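Colleague: So you can see what is in the structure, the chains are spelled out below.
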Amino acid sequence: MSVSTAVEQTGNNTPLQILAPDGTVVRPDLMPKLSDDELRELMRKMVFTRVWDQRAISLNRQGRLGFYAPVAGQEASMIGSEGALSKEDFILPSYRDIPQMVWHGYPMHKAFLYSRGHIEGGRIPEGVNVLMPQIIIAAQCTQATGVAMGYKLRGEKRVAINYFGDGATSQGDFYEGMNFAGVYKLPVIFFSQNNGYAISLPFEKQTASENIAVKAVAAGIASERIDGMDILAVYYAVQKAKERGVNGEGATLIEALTYRYGPHTMAGDDPTRYRTGEEQSEWELNDPLIRFRKFLEGKGLWSEKDEEAVIEEAKQAVADAIKKADETPKMKVSELIDVMFETLPPALEEQKAEYLAKESK
Amino acid sequence: MAQMTMVQAITDAMRVELKRDETVVVFGEDVGNNGGVFRATEGLQSEFGEQRVFDTPLAESGIGGLAVGLSINGFRPVAEIQFFGFVFETFDAIASQATRMRYRSGGRFTSPVTFRSPFGGGVKTPELHADSLEGLMLQTPGLKVVIPSNPYDAKGLLISAIRDNDPVVFLEHMKLYRSFRQEVPEGEYTIPLGKANIVKEGSDVTIITYGAMVHTSLKAAEEIEKARGAKVEVIDLRTISPLDIDTIVESVKKTNRAIVVQEAQKTSGVAAEIIAQINERAILHLEAPVLRVTAPDTVYPFATAEDVWLPDVKRVVDGLTQVLDF
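Protein chains in written order, with our numbering: chain A, 1 to 361; chain B, 1 to 326.
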């Protein structure tokens, strides 16, 4: 069973869809209450992110960016979910989830510095509620329970959302996090972007379970399986999960079915080794930008001129951010030693002195 | 002042901090109503409520992740790992997450978690309860590791650990929990992390040790003094990371001879690190090689062999004799 056929399955397994691939509304009853401007803003962010992703890939190939995990194909899942949150909500991302971080307030030039491996990439501005991308693929599932418990203990109406892929659902931390969130009824959203492959491993070799959403049953939390190429379905599900969380009804697992068009990362992954061009073409028919554009055009809310304006805006923003990243002073090892502890122990003071001497030459 | 066992002093430290700072939360397996398997959290839930002191599901990685998440959201979690042999289940939360939070975020986020855990041999536990795994912690950048040897130190050190703005692993030797009582002041007092304590002054040889081995070493010191009149200095490290190398080096410069006594296996670990640093800083003051008295490099033994496996007074006396006779 490939994920492309999973999308077409019927019965309880059918992912929730509000917009059909041709842009028609199939579930008007579930339509999020969004103003015309808010709808346009979602489209702007998706187009912007697509352009930014293309530029980032090209910058990586030129050697001007480092570690990068392409996002094209997953824009609806990323932007629809972030869009349904408020800036007070806390994001615990994985390494592909840079767009949600940026749309939540993390500056783009810092994303580029993170990609290059610079400490300034980690210095998230005060008041921006995101954590650095998680590398251990499900560790954020357990940490999100702690962040959410903090909100609950203080009586704040906020949620913690953690992002992870289909591969992470095989790790113990995914289950431990959901189980804790269930026991304590925490305002957490476990947002799984099921793009069908964990690097090369296809979903059917990841689990014998028919889908990810069903795994919430064991933890006693709610779940939703959605078409992750439909930004309105994503928005709807996250908004509902957030309401559930802040109303004290507990956590939600969301499985968004999506696809990454590019490689796992830019570090040499070749998707043609593990998936077919036909499969990719089939998914491209479901493209989140095309679908939402058709919907907006039908309502007279989006034009070619709008599209071009966003493309230019994104190109300029990327150029500005790269310039800002380039202007950031080189990182020093002595500076890294400073952030090991609040107060450096004597041994590290000695080691710092050694590196200060080396770096002042 | 009250006479307290070490486990009572530990409970008292948590009580003081729960009362003083509303961001302190205490949790772990069976720590709520049951008061912990060693009763270290006895009475805390009834005093401070289920929001502040609570049970967790039986999953150490989940406990560690919960602690990390709370800590980046303004809380000061005290998480109990029921036995330190279970640390492997939550080592990711300690070594890949809590200790890297300040570094990863350039100081934007910190993770002031205290991971409390019973460990140590001599109480006939099943496997993976008694292991001395502090050497693994020592090699984890960004982590402080504290091991008290008595009730007074335990309370003052635990209060410091909870107040510390970086993650701390606080290891409580099971054999010391109820082995003796000591006068422990009421209310709050702190003992600084990273400072060793000279528990016995001497001029001829130094024993560097920590945890339960402090008591074994003191007995050995007494024996050798009786037997041959050598004056033994005994240093209780209290904190194994960061190491108080200044106190160690100062002592070695005075006595010119030293041994390191640890309950853990021989290879790598605390003793090896101390000897390396003595070499770097005081080798010309030495009259004899610095020896290690440790357990052998095996897995922690089955209960019926542990008394032989663990370093004892005789082996410490032998070690002292070797360096004194060199």
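No wet-lab data here; the hints were simulated from the structure. Here the structure is a predicted model, which means the values were calculated and not measured. Hints may be right or wrong, so weigh each one.
What the hints assert, rightly or not - Simulated pairs of lysine-lysine, PhoX-like, Cα-Cα distance not exceeding 25 Å: (1) Lys-175/B <-> Lys-124/B; (2) Lys-19/B <-> Lys-152/A; (3) Lys-195/B <-> Lys-352/A; (4) Lys-124/B <-> Lys-200/B; (5) Lys-152/A <-> Lys-185/A.
Colleague: Determine which of the earlier numbered hints do not hold for this structure and return their numbers in increasing order.
Modeller: 4
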